[in-house]
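Quick mapping for you: the protein sequence lines, in order, are chains S and B.
Numbers 773 to 1033, taken from the working numbering, label the letters of the first sequence in order.
Numbers 150 to 469, taken from the working numbering, label the letters of the second sequence in order.
Hints in this document: simulated from the structure, not taken from any laboratory.
Quick caveat: nothing in here was measured; it's all calculated off a predicted structure.
It is possible that part of the hints are untrue.
To be verified - Chain S side only, calculated, beta carbon under 8 Å to chain B, not exhaustive: (1) LEU823; (2) TYR850; (3) LEU854; (4) VAL857; (5) PHE861; (6) THR864; (7) ASP867; (8) MET871; (9) THR875; (10) PHE879; (11) GLN883; (12) ALA972.
C-beta: ideal position from N, C-alpha, C; glycine also.
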Amino acid sequence: MSPAIQLTDVTTSYENNVVFTRLSLQIESGQFVGIVGPTGCGKTTLLKTILGAQTVFCGQVLLNGRPVESVSNKKIGYIPQLESVDWSFPVTVEDVIMMGLYTGRRFLPWQSKEERERVKDLAEKLGIYSCLRQHISHTSGGQRQRAFLARALISDPKLLVLDEPTSGVDIKTQHEVLHLLGDINSQGMTIILTTHDLNAVASHLPWVICFNNGIVAEGRPRDIFTNDILTKTYGSDIIIIKHGDYHLIANSTPLKFNHNT
Amino acid sequence: MQFFLEPLHYEFFRHGLIAAVLVGALCGLVGVHVVLRGMSYVGHGLSHAAFGGAVIGFVLNFNFYIGAGIMGLFAALLINQLTKNRKIKSDAAIGIVTTAIFALGVAVISQQRNLNKSLEAALFGNILGITDSDLMIIGLVTAATIIIMFLSYRPLLFATFDQETAQVFGIKTEALQLLFALILTLSVIVAINIVGVTMIAAALIMPAMTARMLTDRFGLMQLYSVIIGVMIGAGGMFLSYFFNIASGATIVLFGAAIFCFSVMVRHVRERIALQANFHRHGNLIHSHPLNSERHNHDHTIGANEDVKKRAHTDPPDTNR
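This is chain B alone, in the form it adopts within the complex (with noise of 0.2 Å):
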């Protein structure tokens, strides 16, 4: 046990790990809306945008958080503003955009080379270097983000899976779009000192896409995948300790190995819930939806001829 507190007493260690644990949680819940939104790209794209604010804030001697903030924003707004017309699609507006910010920032780099050095960290990630301001940032993040999607939990929910209906039944999805849009930057501008520009996406889609294996319901799945978010933030953070390796890319992949982690889970317990399910009648195979009602069985050949005309394969239930 002692072996496992030892990084617990140093400082870097514990702000690490805090940082860590609340970026996982807000990864996790504000993932979940971009994988079921289908925007995994949004987030990458977005890191690299704000890597290019953050640059020209430097030069400028701005605030990281400020100039991060801004050209993050601007590209949301941009990204969303370019995607009403129907001619471009998100994908391709996301690639302009974020891209063009991005290499504006290395552009400026290059004239100024003595930024390599500091910002190597926004580009990979420097959890060992996150101050009690960052943990103040971090922390009011990932309050009020919680707070936002509690508080907005239906009508998110809704526009997330039908956008279209949830307008005609009155729901505002424009002021929703920008709302999350907003909450997906300041997720991504503080989550970049965890695990960095390069791998913000895996940091947003991994602990939602392991929830997503292990639940077919919306509210579960939410509640999953911040749970796995902060498991993946902590055990990243005592595995890149133990072993020695850079923080984020130790994150990242530890998450990876709970995701396929997952995946096999998810298709063991298919297949047990399948084969509980089949069983013969005679020469018949056939399956029951797991709630369903059985029927007799009298497996004498010739003895369920009624069974027979009843006979289905309906799916079985797998909501978990």
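Same shape as in the complex, but just chain S (with noise of 0.2 Å):
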């Protein structure tokens, strides 16, 4: 079986400045893999290249086998990074979730009852029933990503990618989007993330790719979070805090402040 995700040697770049040459990678169907990163080391360009939005100097990207700009239904699932969404445009949670089927067959702008019954399964299924008919923005964090899952999975994709979906957001919505995902992953999608949360991904993914204009690591994040492949990823000193099974990563030097008060 071909793996669903395979880079061979990409060559890619983004405003004239090379983001990563000769990129090998490979992501197996049924994978939950999380990429991390710093800022603007290419997180969001590699996704693009696993999207097929991106131009590709030389190399080869497949999905299921198949390269990626021949394949006309690509059966992805993307949820692009929230901060970009426009909050005050006119749709309701439902409008945003119906988009995932706006590339069928159906051209009357009306919904069909078969539709608008997926839309209300699925928001069930996520716990966004309630909040269907509200606007996007009198919405909480929580129940924006999950509107933006819905979209992304109401066409039933085989492969998920979100690009930072634990950013800009508390701690406990954090928790449920990896969860939730957890559990889609649980029964058989590929799902692909980017992060900038460190220890969310060393408590909740399985499997993670440590990026900086290149792979520098990949891994379980037990195996590879030590302090040689972070500080070499983030060019900054890390220290990894290790209790049982957690992973606590931390800059290694705190700011100290002078208290004469």
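Put the complex together from the two separate chains, hints included.
Structure (structure tokens):
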């Protein structure tokens, strides 16, 4: 069986700057992978390359064994960084979820009965049924993330790609989102996400890629979250505190304040 | 009643009224996407490019629509192409391309002084000079736009909301962008005769922004925007007749007044919705979303400890 994603010797650039060269990566079907690395290291470009939305200068990107550019129905669910969303746009949670079905063959603007049922069922499963009719800006961070997750899932994708799904939400919502993704992954879906939250990755994800314009290391968090690898990835001293099964990652030089009062 | 029907006895008024209503509906429909895509400046720019094209076409003995159409479309495509380079922002591209074509038209006028009178209509609108063939062109463009936007409602909405994700989901966003540029250019050109180059941006934006004040749903916004566009066109024409003011200017001023009214309506509705939901439990003041389940209200002090624990200040559901 072909891997879900296979990049072979891929080179790409952004605004005339080479982001990564000769990158090779393989992600098997059903894997749950987190990509971590500093800001501007090419995480989003890597996701776009996988999605087929990035021009590749050389190398090959395969989705389930087929070149990504030749796959018309990629069966990919994508959730962009929510910071880029225009929250004042006149859409409800239901409208946002419905967009996931807008690539189908139906031309009529209104929803069919079947589409409405699918939206309701999925919203119930994700716990956002009660806010379906609410304007998207009137929902909490967790509900927004679930609404966009529902949009990505409604077309029954085989692969789910999320760009920083844990940014801008509190620790409880972060925990809920990652557990929800874990549940979805346990049903067989391949999931790739980027994040800046190393502690969340360490405690929730089975596989992680440390990235900085190329792959620094990949493996289970407990194996690759070492001082050496994280320092190499971030270019800054990072310490890891191990407590039982937990890993806590922190900057090694906390700021000291003089408290004279 | 007879008083209001009086202008309809004149053919020039009937023609103008039909044109204003059709263009109102057209601008209302297209304007929603213009506003939501943050392209308000594009309408203004394209009308200037179309004016430059009309002048050149006039000199070369072309029909107004052919000259304005070719140059307007050329400008739209050039802007689209230039903005692919991330260093050139869309407002800069619009400013350069459309002003250059407008300047070309002005340069031609300065050499052909006899054109001044005939092109004044394009600058300030000439709704009372609408001919049968003008009406036919406006009707065709409006009908074609309604059909295209009806059939591409879903991909257009997705691409307007989130172009990048829409592309990943398989929507041909580049083709859609070109299609929308074509629709916008044609809309601007047929609207030039009604409100003129100088006021076209307002005609495109006002119905959509007024509709935005009245609803938080995209589908309703489109419907309201078309209705408001028609109202502004028809209302402006009658006011123009009764007060003997230039039609284009009256339509724009009437639209501005309706927009101000809609802003006030929104403000009042939000305040009422907020106040209706605010209430007090002892020292605790809180509010519920409009459609949420209400909890028991025992207003004796100390009787609402469980309520206090659940206290929240969710924003009211203002969806309409």
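Hints, verified against the model:
1. Among the interface hints, the one on LEU823 (chain S) holds; its C-beta lies about 5 Å from the nearest C-beta in chain B, closer than the 8 Å criterion.
2. Checking TYR850 (chain S) against chain B by beta carbon gives a least distance of about 5 Å; that is within 8 Å, so the hint holds.
3. The beta carbon of LEU854 (chain S) is not positioned within 8 Å of any beta carbon in chain B (closest approach about 11 Å), and the interface hint is therefore violated.
4. The beta carbon of VAL857 (chain S) is positioned within 8 Å of a beta carbon in chain B (closest approach about 7 Å), and the interface hint is therefore held.
5. The restraint placing PHE861 (chain S) at the interface with chain B holds, with a minimum CB-CB distance near 5 Å, inside the 8 Å limit.
6. The beta carbon of THR864 (chain S) comes within 6 Å of a beta carbon in chain B, closer than 8 Å, and the hint placing it at the interface holds.
7. Proximity of ASP867 (chain S) to chain B holds as hinted, the smallest CB-CB distance being about 6 Å (cut-off 8 Å).
8. Hint status for MET871 (chain S) relative to chain B: holds, with the closest Cβ pair at about 5 Å, below 8 Å.
9. Hint on THR875 (chain S) holds. Least Cβ distance to chain B is approximately 5 Å, under the 8 Å limit.
10. A cut of 8 Å between beta carbons decides the hint on PHE879 (chain S): the least distance to chain B is about 5 Å, and the hint holds.
11. Because the beta carbon of GLN883 (chain S) sits about 10 Å from the nearest beta carbon in chain B, more than 8 Å, this interface hint is broken.
12. Given the 8 Å rule on beta carbons, the hint for ALA972 (chain S) is violated: about 23 Å separates it from the nearest Cβ of chain B.
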